[in-house]
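2 protein chains.
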Amino acid sequence: MTVEYLGTNYSGWQCQAKGVGVQEIIENALSEFFKTKIKIHGSGRTDKGVHAKGQVAHFDVDTKIKEYNIIRAVNIILPDDIKIQSLEIVDNDFHAQYSAKSKIYEYKAYISRYERPMFEIDHARIVPPINMDLVREKAKLLVGTHDFKAFCAVGSQIKDTTRTIHSLDIIEEDGAIIFRFEGNGFLYNMIRIIIGTLVFLGKGQISEDAIEKMLETGDRNYGGKTYAAKGLTLKEVKY
Amino acid sequence: MTVEYLGTNYSGWQCQAKGVGVQEIIENALSEFFKTKIKIHGSGRTDKGVHAKGQVAHFDVDTKIKEYNIIRAVNIILPDDIKIQSLEIVDNDFHAQYSAKSKIYEYKAYISRYERPMFEIDHARIVPPINMDLVREKAKLLVGTHDFKAFCAVGSQIKDTTRTIHSLDIIEEDGAIIFRFEGNGFLYNMIRIIIGTLVFLGKGQISEDAIEKMLETGDRNYGGKTYAAKGLTLKEVKY
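Protein chains in written order, with the numbering used here: chain A, 1 to 239; chain B, 1 to 239.
It is possible that part of the hints are untrue.
Claimed, not checked - Result set (EDC-like, lysine to aspartate or glutamate): computed pairs, CA atoms no more than 20 angstroms apart in a straight line:
{"hint": "1", "chain 1": "A", "residue 1": "Lys238", "chain 2": "B", "residue 2": "Asp174"}
{"hint": "2", "chain 1": "A", "residue 1": "Lys203", "chain 2": "A", "residue 2": "Glu172"}
{"hint": "3", "chain 1": "A", "residue 1": "Lys230", "chain 2": "B", "residue 2": "Glu120"}
{"hint": "4", "chain 1": "A", "residue 1": "Lys66", "chain 2": "B", "residue 2": "Glu115"}
{"hint": "5", "chain 1": "A", "residue 1": "Lys235", "chain 2": "B", "residue 2": "Glu120"}
{"hint": "6", "chain 1": "B", "residue 1": "Lys230", "chain 2": "A", "residue 2": "Asp174"}
{"hint": "7", "chain 1": "A", "residue 1": "Lys18", "chain 2": "A", "residue 2": "Asp47"}
If you're looking for bench data, these hints aren't it; they were derived computationally from the structure.
Chain A with its partners taken away, still in its complex shape (with noise of 0.2 angstroms):
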């Protein structure tokens, strides 16, 4: 199933010591649809805040039920902030994380001396003057396969801190600038650690090679900080 949610009243796709997980909300709305114990394993996590409009999640039943009756009924049930798009068999040997391709997220701010109502809920504010040519040119160095370690959250347990990032677009619209990244997977954090340290750069806080000086060393402490979470969506898994 695809799964739409705005991140903002949930501690995260899964559920923390402090606030409940997307995941559970959905596990227990399943249930109660199907009246017995439904478990769901998702592509990945999203972190606290994050939003997602193509979650993806698999379960198993057995039921006749058709899909559009069960997305009808269990969104019934679902909270206004979290709504399942759509639902689909699946081979038994599908798993929606490690089945998965490549994940596209967004990452969606506007440049604004003053906070604007209208974008608060999923952009990130960036106050001007920023250097976009320069945060453009940069953005380049991070697309192919890089040692992402400085990009990752600290205290992270990940050992292979490898990835690929397939492409990031930056695209104007209609006020806000989205950063679009398709990869192989991403680190804890690592979007948001991007996103930091390219307007960090933007706007001269930093020094201009931090993308270089991080790749090369590793070291966290070249980047900007970790940007806001709401601005972040899970866009997209492919399979």
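Given the structure of chain A, go ahead and fit chain B onto it with the hints provided.
Below, chain B alone, put in the same frame as chain A:
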């Protein structure tokens, strides 16, 4: 000044018997800052639940405080869903309503069998199927100077219901459909009735020549329902 606001929690630009108006909130914040009663004049009303990215209002005040410092301080007093975006000194004969040459409104919708949490705040939903080619074709009939009596909420006191729509562009963008109107003025509920009529027509729920009949007869009954307020945003006022 230009103001951006999320209309969700307000009775509209003006205060009503039930609920607080955006105008009143801004007047209170300016009055608190300037320590004198400030009255503001908007370019026009927006309905309950309608948003604005570029509402314009003027007010009179005797001050030497720089525009930037006024915005910063007043925005701190204002709630998260209303923020001033710009402020400039104008001639004494400028009037936010009477000096306006045209207004641009955007009505945003998405086509989906299911509710989409990421779109809920400022988009209306259209349940498929809908013949968008027919919608595009019929929308052209509305451009120009017409008597829009049939597109005005019943009970409106306005006598002259002739208005000019300079352009009506229908743009598909990232899963959403944006109806962008530029006109010299819009009647009460006019855009929401136009959208409801186009949607009903595209779904075959009313006659294909509904718009022709409405323009000819002035009869509201040929049209579709008044579509949701939350899809509508006042984008810009031109002077």
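Status of the hints after comparison with the structure:
1. A:Lys238 <-> B:Asp174: OK: Lys238 (chain A) and Asp174 (chain B) at ~17 angstroms, within 20 angstroms.
2. A:Lys203 <-> A:Glu172: Judged against 20 angstroms, a Cα distance of about 18 angstroms means the pair holds.
3. A:Lys230 <-> B:Glu120: The given pair, whose Cα atoms are some 16 angstroms apart, holds under the 20 angstroms limit.
4. A:Lys66 <-> B:Glu115: Given that 20 angstroms is the threshold and the Cα spacing comes to 19 angstroms, the pair holds.
5. A:Lys235 <-> B:Glu120: Within the cut-off at roughly 17 angstroms; holds.
6. B:Lys230 <-> A:Asp174: holds (19 angstroms)
7. A:Lys18 <-> A:Asp47: Within the cut-off at roughly 13 angstroms; holds.
The structure fails none of the hints (numbered hints given earlier).
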